[in-house]
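Participant: Put together the whole structure using the sequences plus the hints.
There are 2 protein chains.
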Amino acid sequence: MNLPFETRSLATVQRSLAEPATEYPLLPALLRGCPESATEEMQYPLELDYDYGRVKDVTFRRESTWADWEELLPPRHPKADMPVGGTPLVDVSALAPAHLSGRRILVKDDSRNPTWSHKDRLNVFTISAALCEEAKTIIVASSGNHGVSAAAMAARAGLNCIVLTMPEVSGAIRDMILGYGAFPLFLAADDRWPAMRALAELPGIYPVSNLTPAHTGHPWGPEGYKTIAYEILADLDGASPAAVVVPTGYGEMIYGIYKGFREAFLLGHIDRMPRLVAVEPSARGPVHHALQQGRSTVTVEAGPTVQLGTATTVNGYRPVAAIRQNRGLSLLVDDEAALRAHKKLGRCGLWLEISSGATLAALDQIEEFENDGPVVLMGCSTGLKEPSTPKENRATGADLETLRATLMRDYGFEL
Amino acid sequence: MNLPFETRSLATVQRSLAEPATEYPLLPALLRGCPESATEEMQYPLELDYDYGRVKDVTFRRESTWADWEELLPPRHPKADMPVGGTPLVDVSALAPAHLSGRRILVKDDSRNPTWSHKDRLNVFTISAALCEEAKTIIVASSGNHGVSAAAMAARAGLNCIVLTMPEVSGAIRDMILGYGAFPLFLAADDRWPAMRALAELPGIYPVSNLTPAHTGHPWGPEGYKTIAYEILADLDGASPAAVVVPTGYGEMIYGIYKGFREAFLLGHIDRMPRLVAVEPSARGPVHHALQQGRSTVTVEAGPTVQLGTATTVNGYRPVAAIRQNRGLSLLVDDEAALRAHKKLGRCGLWLEISSGATLAALDQIEEFENDGPVVLMGCSTGLKEPSTPKENRATGADLETLRATLMRDYGFEL
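Chains R and H are the protein sequences, given in the same order. For the first sequence, numbering that gives the first Met the number 0 assigns the number 0 to the initial residue and increments by one for each residue that follows. For the second sequence, numbering that gives the first Met the number 0 assigns the number 0 to the initial residue and increments by one for each residue that follows.
No lab work stands behind these hints: they were computed from the structure. Heads up, some of the hints might be wrong.
Copies of the same chain look alike in the list, so a pair counts if it fits in one copy or across any two.
[Said to hold, decoys possible] Here are the computed lysine-lysine pairs in the DSS-like style, where the Cα-Cα straight-line distance is at most 30 Å:
no., residue 1, residue 2
1, 342, 78
2, 343, 135
3, 342, 135
4, 343, 390
5, 55, 78
6, 135, 78
7, 135, 390
8, 55, 343
9, 135, 55
10, 55, 390
11, 343, 78
12, 390, 78
Facilitator: Dropping the structure here:
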């Protein structure tokens, strides 16, 4: 592959997740799934393959950083240079449910990324591909983490970015899109996909979000999520956790995490795989239903849920493949349980998306983990991006008696 | 000092920044400034002193972390265990003004902290002191970064937290306060200080924000900002930057950064100090006016400004001392320039507080730096905490011609 920059990446080809696992050159990125196997109903995504036999510099030790994993990641264009990841594990063992007490529970706080979510790990590589393909403008359909992350990474790389969003998008997300100099198009929810497909046909416009009925996304993107696995291993000084619990929408993240651990295993750095646990809102849950029905993808009803980060009605094949290969778990969490757990995490100093709270709630459904080691919960994004509930803030008087009475009456203080 | 935990901290005493530099035991923290020198008009803050002669494990190399600086930080209570800092330097040299072209310009992106601002570096140590003094409830007056950070760190440590805020506080900040389980009291702006002083008298209530007319704050807090200097040195592999440009309100941060570099200098790790540059909104700017008038602190009019993070009308003595000792600069930036620079940083993938944009704007006022090395701009907090401007998001149609026309008309695309 002839790239306009030096890279230590050992990525070789795009490979279909379908059977047969047809291979394609690394670029152009295949944005509509595997061309050979795609039908009208089902499109299989692609992943990157690497020349694993030539890996020589990879380490997973406490001092390891992304520089130590360059061989196992897609080529990174010099303009896609935003520092991403390196997020800490935060101990929340105090929140373990009674039947798991004594087990170390850690939150991987991915709200400490450049745009305050895990999506930066994906977009740094989709943007790298866009740069390699000499795109001038990227396009992304998202009113959440994905859109703002793509906007930031595009801005940094000097690319235009069109964000297909909705008129009812929160002020926070709208301000972020504009803040990164991207161009929002406000469209009714049902209009976004036709608009995406129409604009993607224009010359020079490069999509970094999905174009197909079954989610396939960009083949380079999920490779970025492997760094979550690598960083967890580094923070645990090379030891494998018992499990990683992952809020799951289209399922690119859980696939990337699975693949990262799998590579560490195949390269001999760990001697067992952690259990992967996908968590979806019970009102939706396409991955869960696909697994139950023995299918690759399904479409579910758009049931109402406050777990906005994972409120998808379709899934891609990636999470299904990851959970089958890992003998992982797929759990549904209802909004009430997610909100309760989200609140508990806040009381531990972590104010995240509600959908990340669902990972803690999911522990109630897991009897025991077969392996030792900590359980890692993915904390994906800051609570600051959630829509704020309008509410009146009632002023109180400043004299001590009024203050004391307010604290005792409203908050149960004993003063 | 008898602490209920092991520590490698070499902190010995609290020492007044007044003349004479009277010393006091490390605890209880003196929250109303130096008792010996305090008058009704002027209160001098205190800092911590250390047994520098016994320092042995401190390093400032690429792999250095907070564990390598424990000797130079206040004792950290085991319950104040939130991972803080470790934030990256992001290259924005492309934004250098013409007369500084060729100079490396880096943003220290402190929005990647647990509550997405630099304030976590301060609160991890104020909360540590509160725990050492067996406080049960902390109190903080803030409608911004400081309040939400204190709330999070208190929650993690198992302490109650009362936040004195205003009815007009943004939904984002209000939601964060509640999300961390803190107790907001909504007070008119002028009522906050009397309320703070009244509540601070109640037994078991421990203030972590200022109690005095001249800002003195908590003596342990600014020590946390030394880690900004340490991390910059580590990221530059031990080399001193040419300058650090710091958004300045009460001025605890610039003092901490100054002190951190000063320690590295006195311990022989660097052979010259970087120039410290304080940046304030031109509508306020108490530090600037204090320096101009040769005074320790001044009070200025509450002129209107969008630089909310640094919109203070009084200063503490710390920034004045730091800039005098460092022969640093104190610059005023007007809102228009701050907004323009803030927008440029967004186009570089960094969407921060407007007051952080002022650091980039300040470069226009600096002819040259006397030393080689990069210039570091402090990026303090995420733009997500700024109030959002209400705005109508006009829906557009999904057909290609309408989309194309919208992009060309509204955003100047050529399609």
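Participant: Now look at each hint and say whether the structure bears it out.
Facilitator: Right, here's what the structure says about each hint:
Only between protomers do residue 342 and residue 78 lie at most 30 Å apart by alpha-carbon distance; the minimum there is 20 Å, versus 39 Å within a single protomer. For the homomeric pair residue 343 and residue 135, the shortest alpha-carbon distance between copies (19 Å) is at most 30 Å, but the shortest distance inside one copy (44 Å) is not. Within a single copy, residue 342 and residue 135 get their C-alpha atoms only as close as 43 Å, which misses the 30 Å cut-off; across copies the closest is 21 Å, which meets it. When the C-alpha separation of residue 343 and residue 390 is checked against a cutoff of 30 Å, the pair qualifies only within one copy, where the shortest distance is 22 Å, while the shortest distance between copies is 34 Å.
Proximity of residue 55 and residue 78 under a CA criterion of 30 Å is satisfied intra-copy only: 26 Å inside one chain copy versus 41 Å between copies. In this assembly of identical chains, residue 135 and residue 78 lie within 30 Å of each other by CA distance solely inside one copy; the values are 13 Å within and 50 Å between copies. Taking the closest pair of Cα atoms, residue 135 and residue 390 come within 30 Å of each other only across two copies (29 Å); inside a single copy the shortest separation is 43 Å, beyond that limit. For the identical chains of this complex, residue 55 and residue 343 are neighbours neither inside a copy (43 Å) nor across copies (40 Å), given an alpha-carbon limit of 30 Å.
Proximity of residue 135 and residue 55 under a CA criterion of 30 Å is satisfied in neither setting, with 35 Å inside one chain copy and 53 Å between copies. Taking identical chains as interchangeable, the C-alpha atoms of residue 55 and residue 390 are never at most 30 Å apart, the minima being 57 Å within one chain and 54 Å between chains. Only between protomers do residue 343 and residue 78 lie at most 30 Å apart by alpha-carbon distance; the minimum there is 17 Å, versus 40 Å within a single protomer. In this assembly of identical chains, the alpha carbons of residue 390 and residue 78 never lie at most 30 Å apart, being 43 Å within a copy and 33 Å across copies at closest.
In this structure, the hints that do not hold are numbers 8, 9, 10 and 12, in rising order.
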